[in-house]
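Student: Chain residues, written in single-letter form:
2 protein chains.
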Amino acid sequence: MYRTHSNGELRIENVGQTVTLAGWVQKSRDKGFMIWVDLRDRYGITQLIFDEERTPKEMVNRAKTLGREFVIQVKGEVIERVSKNSNMPTGDVEILVKELTILNKSIVPPFTIEDQTDGGDELRMKYRYLDIRRNPVKNNLMFRHKVAMETRKYLSDEGFIEVETPYLIKSTPEGARDFVVPSRMNEGQFYALPQSPQTFKQLLMVGGMDKYFQIVKCFRDEDLRADRQPEFTQIDCEMAFVEQEDILNTFEGLTRHLLKEVNGVEVDKFPRMSFDEAMRRYGNDKPDIRFGMEFGELNEVAKHKDFGVFNNAELVVGIAVPEANSYTRKEIDKLIDWVKRPQVGALGMVYVRCNEDGTYKSSVDKFYDQNDLANWATITGAKPGDLICLLSGETDKVRAQLSALRMEMATRLGLRKSNVFAPLWVVDFPLLEWDEETKRYHAMHHPFTSPKPQDIALLDTDPGKVRANAYDLVLNGNEIGGGSIRIHDKATQALMFNHLGFTPEKAKEQFGFLMNAFEFGAPPHGGIAFGLDRLVAILGGQETIRDFIAFPKNNSGRDVMIDAPSAIDDEQLKELNLKIDL
Amino acid sequence: MYRTHSNGELRIENVGQTVTLAGWVQKSRDKGFMIWVDLRDRYGITQLIFDEERTPKEMVNRAKTLGREFVIQVKGEVIERVSKNSNMPTGDVEILVKELTILNKSIVPPFTIEDQTDGGDELRMKYRYLDIRRNPVKNNLMFRHKVAMETRKYLSDEGFIEVETPYLIKSTPEGARDFVVPSRMNEGQFYALPQSPQTFKQLLMVGGMDKYFQIVKCFRDEDLRADRQPEFTQIDCEMAFVEQEDILNTFEGLTRHLLKEVNGVEVDKFPRMSFDEAMRRYGNDKPDIRFGMEFGELNEVAKHKDFGVFNNAELVVGIAVPEANSYTRKEIDKLIDWVKRPQVGALGMVYVRCNEDGTYKSSVDKFYDQNDLANWATITGAKPGDLICLLSGETDKVRAQLSALRMEMATRLGLRKSNVFAPLWVVDFPLLEWDEETKRYHAMHHPFTSPKPQDIALLDTDPGKVRANAYDLVLNGNEIGGGSIRIHDKATQALMFNHLGFTPEKAKEQFGFLMNAFEFGAPPHGGIAFGLDRLVAILGGQETIRDFIAFPKNNSGRDVMIDAPSAIDDEQLKELNLKIDL
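Same order as they appear, the protein sequences are chains B and Y. Residues are numbered in my numbering as their position in the first sequence, beginning at 1, plus a constant of 1083. Residues are numbered in my numbering as their position in the second sequence, beginning at 1, plus a constant of 1083.
To be clear, the hints were calculated from the coordinates, so they are not data collected in a lab. Just so you know, not all the hints are guaranteed correct.
A pair counts as met if it fits within one copy or between any two copies, since identical chains are not told apart.
To be verified - Only pairs whose alpha carbons sit at most 16 Å apart, straight line, appear in this in silico EDC-like list of lysine to aspartate or glutamate:
1. 1352 - 1397
2. 1423 - 1491
3. 1181 - 1141
4. 1300 - 1314
5. 1662 - 1270
6. 1417 - 1479
7. 1413 - 1134
8. 1140 - 1182
9. 1591 - 1351
10. 1188 - 1602
11. 1181 - 1160
12. 1188 - 1572
13. 1591 - 1646
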């Protein structure tokens, strides 16, 4: 071992001991007769002192050559510091160096290895191994490890078995695009990388495994939006002989465990809300309930006057923004510009100032009187000092727009506190959603989700109204997990494939193995999958997943550090019986 | 929840309770007035009783329709059994059924769901979800989970951080073949699936992660030998600021922990042996030391007579097979045939019977006297009653042949006990090995392994003699782990690439990112990787890894259950800019 102690370990009790330390030179200060060096490793920083009077001259001279990020080993005595630094755990002591060995030199790093670095995103990605030396990234990776370990401990203690499912599976053109892997031994054929282990975990339930989980990489060849990765990690879970209630309770337990062990936060029983209610109250199926500003639907109290914009709208809906009456006219105009941006897409915004004296002043005073405005205030829950913001239009669109405004205002008001955790179950999702592009229904969750038995009859008459035994776990406005009770009989599964536009032949070709399996005594079962990258980021109080991934890819799916993907040899292509055809 | 208890849970103390159980019908016996059903789940079997006098008639009639593997739910009272079955944990009780619900029917399974099944390998693989219902497979998967959990707990407690490295990386034509993944977004370019996270774990050390591990899938597109899989799982580990001794101690600790927690076996400090010694004493770099039969090298006492076969041989070497003097002449002839099989490849075998009276009788009495044979007995450690088997020829070949014979004899003699664990470190592996086919040296471990400093000079003069800081952990004759201290400076790494036949351009193209990283203060580091599939099989006292993998592939790399790999749509190919060229 190159060291007797780590750089985060020594305390005043160690004074007098001879120790050997190793690590990186964080910085050095040369006062001529004395040199101080901050020595860093994963565990912390320890101050070294080279003193002309007490350190051999050769070592002092060598210390003068040290540059940032040199890797060194020192032997010396732990001494008490004259000026202690109470900000660092090792701040009471320093090492009076007797021997210095340079283990490896470093050229000047392209950015500073400090919490606040001068490196831009691209540079940090190219030299990710240097970026990982920085506390913010290093701590995130350690945090991720802790979340994964606690997840495994909890589920294992609850009787779940982690089973590894295969990575080289079969391509299924449903849903997102698969990454495919040409097979050399099976000419002209391809494996696919799993988008999720969905069918395998269901087969494990058919196989009697009873409680399964896996922390597993999944792959999706999608055009990458910001903060999406082509490979991502799921906490994938499935249980047999359960109903929705059992799944919710079990994974509420897991989430509560994580919040307690990882964040030290105790959370009460998670509230539940139907999809319909979430859309009505928050315009969003993953509402952030750390704060209020619930939607007030105003059709009944806003469509009785001569204001055509509202009268022609499917939905008039508003939120009361706390204490935003202080906004100047100019600020409000900027807010209106904000909702009219193409990313939000509103056509305009009506507002009502709620004055401290109980009166109201609105942008539609021409059409509505104080009594009308008072009604709006009651329904949106506005208090004196608030600003009511109203949008109107087609229900789905206007809800999405107002939801975006609600989140924006919460951010501006500092209501999205990263150390507050507000989980929520959203249940009773629709089974199907209409796709304008393909002009047919798609499975909202996936084709294996079971419809609510009482809604099955609607499949033929009003498919969009059929609700599923499907649920999402939402945390602070992010979907961190989602799942469903599955279909477990062949007839219902065939019906489902039929409604999703599969011919019986196509269904058999792609999912025949699953439908066959259902003939041999498949138990009722259901499950859930958590997106680990997102979960870790949110528990860590951050928004972007990239800093919780050791070696992320950029928005073009490239790893700029290793420069992948890249061209491969012709010989390799030939062995795979492939030709590139650009 | 479909049940109040599992089928492995109820005991005599539960008598009188009303319970609900669910599971699969293992078997049913219909005595007309009474029907017994064995109900099975992951946790065990509970006997159900349907009694015409005490169970509602409708339920009895329904019970008569039950077939094997039907999934049912029953409600009833726990009663004491008249004839108890002490072989099963629930054998004191049975359930007097009041309500029976058939949750799902089953057609007749293609093989019996019993410990000894009538299903052949192929059928079991096609219906793997049924195979997993059988105790032997189910227990293996649970055992694997336990090994993985204990590994994670141990390493995490030792300060290791599990970091997920990417699956979509860069193709490197060194070593085995990569599986490649065409990139749609980067036209004509390919990712590769990792054969191991080797370079990434080294970059994590450069990044200061200090102690890393990961249980991770790896991929190798090789022609599959028996008991190899195209995707396999590694326990991948790396440490910084360590020397070989530190790695050996740390992972000896892990292995000891697993043996204790998983097998209940306490093992003393693991013996160590150099590669040279292992080859000399056992003819094998992964010797099974659960038993003796060490090699005795006989050149000095066997080449002094007129026996040309020995005189012309590079090596004459023998083992004393305990108590095998009892072999008849016919049996010995069959053994000689065995060593002459092409799989072993010996040209013949000389033997010496060690009689109980201290005399010897050999197949070469024409050339050697009692004194010679007594010398051979001394060197091979033969006792009266043993049979000495001698092979001769080219050193490398004859060692491999005698090693095969040693293992065969141990198997015949029952010396390879699956509940005995004999770990061993083999150290000081050669850095390079000569490849006859390509007529050049290859890295025996991989190109990142550091040569022993004292041997570096030999690189130019006698490359085959250079020893590496490389080690294998051997358990019961299997390599379960292997690793090395790595090169951590750019100059040595460049030297190594040069000796392995890389041009500087090629080295830079493929591993430039790693050599660059070495310029920014790379710490000394090293690591090890365990093959989890093999490790689990050996700890589980079995030889084949396939039954420890939930969904294995066959020898053609096919998953016969889901029928993968398979053809993909032309549209998919077009998007990937590929053409199949058979």
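Student: Take the hints in turn and mark each one as holding or not.
Tutor: Against the structure, the hints come out as follows:
Proximity of residue 1352 to residue 1397 under the C-alpha cut-off of 16 Å is found in neither arrangement, the shortest distances being 36 Å within a copy and 78 Å between copies. Taking the shortest Cα distances, residue 1423 and residue 1491 sit within 16 Å of each other inside one copy (13 Å), while across copies they are farther apart (81 Å). Taking CA atoms no more than 16 Å apart as the test, residue 1181 paired with residue 1141 passes inside one copy only; the shortest distance there is 10 Å, against 90 Å between copies. In this assembly of identical chains, residue 1300 and residue 1314 lie within 16 Å of each other by CA distance both inside one copy and across copies; the values are 6 Å within and 14 Å between.
Taking the shortest Cα distances, residue 1662 and residue 1270 sit within 16 Å of each other both inside one copy (13 Å) and across copies (13 Å). With identical chains, the CA atoms of residue 1417 and residue 1479 are never at most 16 Å apart, being 24 Å at best within one copy and 83 Å at best between copies. For a Cα distance limit of 16 Å, the shortest separation of residue 1413 from residue 1134 qualifies neither inside one copy, at 63 Å, nor across copies, at 84 Å. Taking the closest pair of Cα atoms, residue 1140 and residue 1182 come within 16 Å of each other only inside a single copy of the chain (10 Å); across copies the shortest separation is 90 Å, beyond that limit.
Taking the closest pair of Cα atoms, residue 1591 and residue 1351 never come within 16 Å of each other, the shortest separation being 46 Å inside a single copy and 56 Å across copies. In this assembly of identical chains, residue 1188 and residue 1602 lie within 16 Å of each other by CA distance solely across copies; the values are 7 Å between and 65 Å within a copy. In this homomeric assembly, residue 1181 and residue 1160 come within 16 Å of each other (Cα to Cα) only inside a single copy, at 8 Å, whereas the closest approach across copies is 79 Å. When the C-alpha separation of residue 1188 and residue 1572 is checked against a cutoff of 16 Å, the pair qualifies only between copies, where the shortest distance is 9 Å, while the shortest distance within a copy is 65 Å.
Taking identical chains as interchangeable, the C-alpha atoms of residue 1591 and residue 1646 lie at most 16 Å apart only when they sit on different chains, with a minimum of 12 Å there against 40 Å within one chain.
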